Amino acid sequence: MLNRRHFLALGASALPLLSSAVLSAAVRQTPVGLQLSTLGTMAKADLPGTLKAVHQIGFEEVELYNVGYDLPAATLRSMVTDAGLLPPASAHMEYAELPAKLDYAKALGVRYVICPMLPKSQWMTPDGYHEAAKALNDWGRRAADIGLQFGFHNHDYEFRPLGDTTGFDILMKQTDPQLVCLEMDCYWITQSGHDPVEMMQKLGRRVRLIHLKDRKPGFPTSFDMTEPSAHFTEVGTGSIDWKAVIAEARRIGVEHFYVEHDRIG
Numbered sequence: 002m003l004n005r006r007h008f009l010a011l012g013a014s015a016l017p018l019l020s021s022a023v024l025s026a027a028v029r030q031t032p033v034g035l036q037l038s039t040l041g042t043m044a045k046a047d048l049p050g051t052l053k054a055v056h057q058i059g060f061e062e063v064e065l066y067n068v069g070y071d072l073p074a075a076t077l078r079s080m081v082t083d084a085g086l087l088p089p090a091s092a093h094m095e096y097a098e099l100p101a102k103l104d105y106a107k108a109l110g111v112r113y114v115i116c117p118m119l120p121k122s123q124w125m126t127p128d129g130y131h132e133a134a135k136a137l138n139d140w141g142r143r144a145a146d147i148g149l150q151f152g153f154h155n156h157d158y159e160f161r162p163l164g165d166t167t168g169f170d171i172l173m174k175q176t177d178p179q180l181v182c183l184e185m186d187c188y189w190i191t192q193s194g195h196d197p198v199e200m201m202q203k204l205g206r207r208v209r210l211i212h213l214k215d216r217k218p219g220f221p222t223s224f225d226m227t228e229p230s231a232h233f234t235e236v237g238t239g240s241i242d243w244k245a246v247i248a249e250a251r252r253i254g255v256e257h258f259y260v261e262h263d264r265i266g
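In terms of the numbering used here, the sequence shown opens at residue 2 and continues consecutively.
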């Protein structure tokens with residue numbers, strides 16, 4: 002289990018993005034945050050202490066996920082700012098909980114509501130993605146009606162070939178860019194065999210947020226999110242060209258950068 006002491010040590014040694022002169026200069030106009038799910042059981046056990054530790058090692062903001070959503074929105078927001086962090090700008094809301102959580106997100110004061118993943122039952126067929134695209138458009142419209150921006154976060158499963166298309170292509174073509182933006186996960190884009198820079202060049206300003214997560218070199222690509230797909234390493238220690246990624250992200254106007262480290266299994 003990752004406790005406070007171990008996390009502080011990790012922060013000092015495993016986040017070279019924050020100390021790299023080239024990359025810190027590239028993102029200096031944009032706060033660098035942490036996706037709170039990175040800390041898993043630590044966040045669940047002591048959310049106020051975890052938030053303070055996140056700030057202590059140099060992060061400026063966090064991206065929220067399900068931990069803390071049982072609290073009143075004003076309480077959770079205050080917990081974040083009391084830790085010295087910026088007010089939360091983005092929150093992950095699970096597919097099964099949308100759109101019921103939109104009002105809660107509005108009360109939190111976030112700008113972005115992100116659907117982090119589709120149900121596994123929809124991963125393997127075009128019909129699953131057609132259904133998802135319809136739902137995402139609907140939720141994006143409801144979010145816009147209350148002043149929020151809705152978005153989707155990719156993994157690798159969306160890039161599985163489905164005849165002459167992929168789930169990702171279906172989602173991007175069938176959702177309204179004004180209603181559904183993309184939070185691009187650089188690791189999972191790379192793990193699926195694609196280049197995050199080329200993806201940003203293709204999608205342009207539809208990419209509003211980015212997850213910074215690095216990938217060890219020399220492993221096969223995948224479309225399944227199983228344990229053999231997990232080649233995670235700390236940002237700046239793997240194969241992704243962060244100088245190029247950050248430069249392109251700045252060019253297209255990406256608004257938020259969140260460091261993340263996944264766990265599978």
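Among the hints, erroneous ones may be present.
Said to hold, decoys possible - Derived pair list, reagent style DSS-like, types lysine-lysine, alpha-carbon separation capped at 30 Å: (1) K203 to K53; (2) K217 to K102; (3) K53 to K135; (4) K244 to K203; (5) K135 to K174; (6) K121 to K53; (7) K174 to K121; (8) K107 to K135; (9) K203 to K121; (10) K107 to K174; (11) K121 to K107; (12) K217 to K244; (13) K203 to K217; (14) K102 to K121; (15) K135 to K102; (16) K45 to K107; (17) K135 to K203; (18) K217 to K45; (19) K121 to K217; (20) K121 to K135; (21) K203 to K174; (22) K45 to K121; (23) K135 to K217.
Unchecked claim - Here are the in silico distance ranges between beta carbons for each label pair: (24) T238 to A145: 34 to 40 Å; (25) D170 to G85: 39 to 45 Å; (26) T238 to A101: 38 to 44 Å; (27) P120 to Q202: 19 to 25 Å; (28) I253 to L87: 21 to 27 Å; (29) G194 to K121: 32 to 38 Å; (30) G205 to D83: 15 to 21 Å; (31) R161 to T76: 25 to 31 Å; (32) K203 to P120: 22 to 28 Å; (33) P229 to D165: 42 to 48 Å; (34) I147 to T227: 33 to 39 Å; (35) S240 to A101: 36 to 42 Å; (36) D83 to D165: 32 to 38 Å.
Simulated from the structure, these hints should not be mistaken for lab results. These numbers come from a predicted model, not from an experiment. Ideal placement from N, C-alpha and C gives every residue a C-beta, glycine not left out.
These are the hints, each one checked on the structure:
1. K203 to K53: violated (38 Å)
2. K217 to K102: The hint is violated at about 36 Å.
3. K53 to K135: Not satisfied, since the Cα-Cα distance of roughly 39 Å exceeds 30 Å.
4. K244 to K203: Within the cut-off at roughly 18 Å; holds.
5. K135 to K174: holds (11 Å)
6. K121 to K53: Violated, at roughly 34 Å.
7. K174 to K121: holds (21 Å)
8. K107 to K135: holds (22 Å)
9. K203 to K121: holds (27 Å)
10. K107 to K174: Holds, because 27 Å separates the two Cα atoms, which is no more than 30 Å.
11. K121 to K107: holds (28 Å)
12. K217 to K244: Given that 30 Å is the threshold and the Cα spacing comes to 17 Å, the pair holds.
13. K203 to K217: Within the cut-off at roughly 25 Å; holds.
14. K102 to K121: Roughly 21 Å separates the two Cα atoms, so the pair holds.
15. K135 to K102: holds (18 Å)
16. K45 to K107: holds (23 Å)
17. K135 to K203: holds (22 Å)
18. K217 to K45: holds (28 Å)
19. K121 to K217: Distance ~26 Å between K121 and K217 Cα, so the pair holds.
20. K121 to K135: Roughly 17 Å separates the two Cα atoms, so the pair holds.
21. K203 to K174: It holds: about 12 Å lies between the C-alpha atoms, which stays within 30 Å.
22. K45 to K121: holds (25 Å)
23. K135 to K217: violated (35 Å)
24. T238 to A145: 34 to 40 Å: This hint holds: roughly 39 Å between Cβ atoms.
25. D170 to G85: 39 to 45 Å: holds (42 Å)
26. T238 to A101: 38 to 44 Å: Because 39 Å falls inside the window, the suggested range holds.
27. P120 to Q202: 19 to 25 Å: Distance hint for P120, Q202 is violated at roughly 30 Å.
28. I253 to L87: 21 to 27 Å: Holds, since I253 and L87 (Cβ atoms, about 22 Å apart) stay within the stated range.
29. G194 to K121: 32 to 38 Å: violated (21 Å)
30. G205 to D83: 15 to 21 Å: Given range 15 to 21 Å: violated, Cβ gap about 37 Å.
31. R161 to T76: 25 to 31 Å: Violated, since R161 and T76 (Cβ atoms, about 41 Å apart) do not stay within the stated range.
32. K203 to P120: 22 to 28 Å: holds (26 Å)
33. P229 to D165: 42 to 48 Å: violated (27 Å)
34. I147 to T227: 33 to 39 Å: Check passed, 37 Å falls within 33 to 39 Å.
35. S240 to A101: 36 to 42 Å: At roughly 40 Å between Cβ atoms, A101 and S240 fall inside 36 to 42 Å, so the hint holds.
36. D83 to D165: 32 to 38 Å: violated (52 Å)
Against the hints set out earlier in the document, violations occur for numbers 1, 2, 3, 6, 23, 27, 29, 30, 31, 33 and 36.
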